[in-house]
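Colleague: Each chain is listed here by its residues.
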Amino acid sequence: MDDYTNTPEFNEKLIEEVLSAYPDKAAKRRKKHLDVATDKGTDESGNALSECDVKSNIKSIPGVMTVRGCAYAGSKGVVWGPVKDMVHISHGPVGCGQYSWSQRRNYYIGKTGVDSFVTMQFTSDFQEKDIVFGGDKKLEKIIDEINDLFPLANGITIQSECPIGLIGDDIEAVSRKKNKETGKTIVPVRCEGFRGVSQSLGHHIANDAIRDWVFDKRETGYEAGPYDVNVIGDYNIGGDAWSSRILLEEMGLNVVGNWSGDATLAEIERAPKAKLNLIHCYRSMNYICRHMEEKYGMPWEEYNFFGPSQIALSLRKIAAHFDDKIKEGAERVIAKYQPLVDAIVAKYRPRLEGKTVMLYVGGLRPRHVVNAYEDLGMIITGTGYEFGHGDDYQRTGHYVKGGTLIYDDVTGYELEKFIEKKRPDLVGSGIKEKYPVQKMGIPFRQMHSWDYSGPYHGYDGFAIFARDMDLAINNPVWEMFDAPWKKAA
Amino acid sequence: MPQSAEKVLDHRPLFRQPEYVEMLKNKKEKYEGGHPDAKVEQVADWTKTWEYREKNLAREALCVNPAKACQPLGAVFAAAGFERTMSFVHGSQGCVAYYRSHLSRHFKEPCSAVSSSMTEDAAVFGGLNNMVDGLANTKALYDPAMIAVSTTCMAEVIGDDLHSFIEQAKGKGSVPQDFDVPFAHTPAFVGSHVNGYDNMIKGIVEHFWKGKTATPGTKLNIIPGFDGYCVGNNRELKRILDLMGVEYTFISDAADNFDTPSDGEYRMYDGGTTLDEVKGGLDAKATLSLQNYCTPKTMEYIASFGQQTASFHYPMGVKATDELLMKISELTGKEIPEALRLERGRLIDAMADSQSWLHGQKYAIYGDPDFVYAMARFVMETGGEPTHCLATNGTKEWEAQMKVLLASSPFGKGCQVWAGKDLWHLRSLLATEPTDYIIGNSYGKYLERDLKIPLIRLTFPVFDRHHHHRFPTMGYQGALRVLVTLLDKIMDTMDIDTNEPGVSDYSFDLTR
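Chains A and B are the protein sequences, given in the same order. Sequential numbering from 1 applies to the first sequence in our numbering. Sequential numbering from 1 applies to the second sequence in our numbering.
Read the hints as simulated data drawn from the structure, not as lab findings.
DSS-like mimics (lysine-lysine), calculated; alpha carbons at most 25 Å apart, straight line:
{"hint": "1", "chain 1": "B", "residue 1": "K30", "chain 2": "A", "residue 2": "K217"}
{"hint": "2", "chain 1": "A", "residue 1": "K417", "chain 2": "B", "residue 2": "K139"}
{"hint": "3", "chain 1": "A", "residue 1": "K28", "chain 2": "B", "residue 2": "K170"}
{"hint": "4", "chain 1": "B", "residue 1": "K489", "chain 2": "B", "residue 2": "K445"}
A short list of chain A residues far from chain B (calculated; beta carbon distances all over 12 Å):
{"hint": "5", "residue": "F10"}
{"hint": "6", "residue": "D39"}
{"hint": "7", "residue": "G41"}
{"hint": "8", "residue": "T42"}
{"hint": "9", "residue": "L49"}
{"hint": "10", "residue": "K55"}
{"hint": "11", "residue": "K180"}
{"hint": "12", "residue": "E294"}
{"hint": "13", "residue": "K295"}
{"hint": "14", "residue": "P299"}
{"hint": "15", "residue": "D324"}
{"hint": "16", "residue": "I326"}
{"hint": "17", "residue": "K327"}
{"hint": "18", "residue": "E328"}
{"hint": "19", "residue": "D425"}
Beta carbons are placed, not taken as given, at the ideal position from N, Cα and C, and that holds for glycine.
Using the sequences plus the hints, can you model the full thing?
Modeller: Given below as structure tokens:
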């Protein structure tokens, strides 16, 4: 890790300044979500540690423009939506499914509309009468119509939107009944958008639905080989899971299930019998890993495939679970890609060295991508989670340096002020943040969708990541914001 | 190893490299448990048959790939057209993240809106506290001139009463008594975004006009409707009105808000109808709605003040623009200037130059009801034949109006109108009765891929092409732009169809 420090005094003052704009009650609540990371010495390998002491995973304040989404977004949008051979019904009014249709770039291979359904929008399109009389009968009919029109769908999930829980529908009963009739897997998910405080509860609910409605329901006929692993929490955004899988397979492992990017129901069903769960997005899928550990005695390991330092570290950590064959495989893979890494760093580091970055993302990225930037000589001066929990901030201390500005569930106002005052060379966040930041003349990359690029995972992905950060920062457009006659004046 | 620092391959070329092709083949064969290829092919072919079409059209409950969104999106869009106005959507917060993302992805612009962030406790006790705190926070942080409140379906299902909540919030000092907080109930389970637009505009107009008496003056009110091309269109309409010397007020004009310059300053609000202009709108001579299906309640309300009203179906194309101009002239007594007659002539000139390429082309057209009406009409003016006209949010009334329109021209003969159908229905229709082109939005790209029918993007949302909305589609200039868009696609398609050397060197003509 490079040696740099942030200036805690500046950041502390900035927090104070930002809070002064709020009414007292809101200021008091927001104060707990903002902090400056404090130095906490080094870990056993000599890496700097810090402490990020913020409150998290509590309700957003009304009216402040939170960036957060909802439980439906966490279940349908994140966990279930990418499972390609199942039909996911957005159950309720039309909007939720419409706005999330095809927006997460969960890549897959399949014949869309025939045996794969990820980039389609299935909705029960609730009308007033469904609210008044209930939607269970309609849901039954919808399931019949899906089976009729999409016979190769291997299962159905029901992604509840807000009204479902409020009007007292019994989607579990419908699911059981239809499962009995058709033999197909039908998964009711209680991810109504008002549940919890963010996407996060939706992830948890979606994990629980896998446990309750998929595991141990059907004979898989699968017996694990010694090197069989699952990848958990890789949604294959822009192909991330593929540029990860290629490394795992090259080191000698068999990825028998990838959750849930490019996944099939079969990959989920057989998962508990594999040897090891490798978890990338801890936030969204740790629940099911813990369950598999408890119930099936299956170990799990967190890893990070962003940037060469973390990739090498992760490959070795993963290999440590296996015999020498795999350990040698890991070394072979690291050695194979080292020339590529060297060439990329040689090309891009001089163009990016010392550039400062602020991040505001979800899931694992506010910490996981930190070292990838550092591998290119860049400096993280602020980071935060949309829907992180305490354990995320704890883990963040292993990634960021003391002095880094930390913001949890940041509001539009705070983020704008932080960026305006700190003027980083690059901001990585989402579509809602992209255009305001760019208007300020600050380069931006969407770090949810990879800004329509990617993959960013693995060695192949690191090359693309480096290229993209370079093209964002070093594009000539940023030089032309001021009209020359104004400049002269 | 496919990757290199010299030529970085991203997803497009990367996954076509042999290493990845092999890896994915292995994944499919060993781990996916999919259906045999032959079976998949067989079902794929079956989905394009008449038998499948009939099954598909017989659907009663399931909706697949609809071409509509929900009410609050329309409300947020409508509110974005007023001076320093912040949309405040009462209910679950995820919805607001969705509206903002959706509009930003289309306009490539910031979109601000806040939520009252209701959660489970609010579902039980109601969201009054969220309203009280929320309005205060919004006012303090974002310094709006007005907060426009709409609702998500959560708030509607539990029955929160906006009028009472806002009054109570003001009573508790959340925002000053005289601070403007218009509102509209926008249930997502009724109608679509076009109704949300209607409800929000009505809510804002009512907030300023209620209990007052109108004194008709000389100005015109223009209500543009939900229009993803508002940036180009509103500016074009203003140019036309200025040329005519007409005084006017746009009631909701999001053109500047969704097209702010990059000069180092982020403008959360820009342009829009001022609150004084809305108030002044009461004393207009007449109000014109440019999209009939976006404004039924609003226009009824405005008419109740004794104002003259007139509604159009998205004035795009020759006759639609003629009618708009003549109506404006009739209402204001201002003559249509020679400059506009010349513009019209230049449009007709362009259409005459290109008529041979347009005549007889068959189109499937889908989108919002007014857009589909206008598009079908303009297509017929070019000698094209609308073959399927579909609006997921089209009503029976729309269907009847479409049929009258189509019957008015020999080019509309045989066109089928599909109210309430979705894009999976359209897939079946096009598989069995194909057209030469599809006119719609970005979602149509899946139809284009499945059916090999070229897609022409001309309506909201356009996510995968940039900046089209910055150019007008209304008026004669707009019609010219639409004409060129059609022609480009037609001629590009001809080139793509004939570009194989040694096979189709003929037909690959230099001049057309």
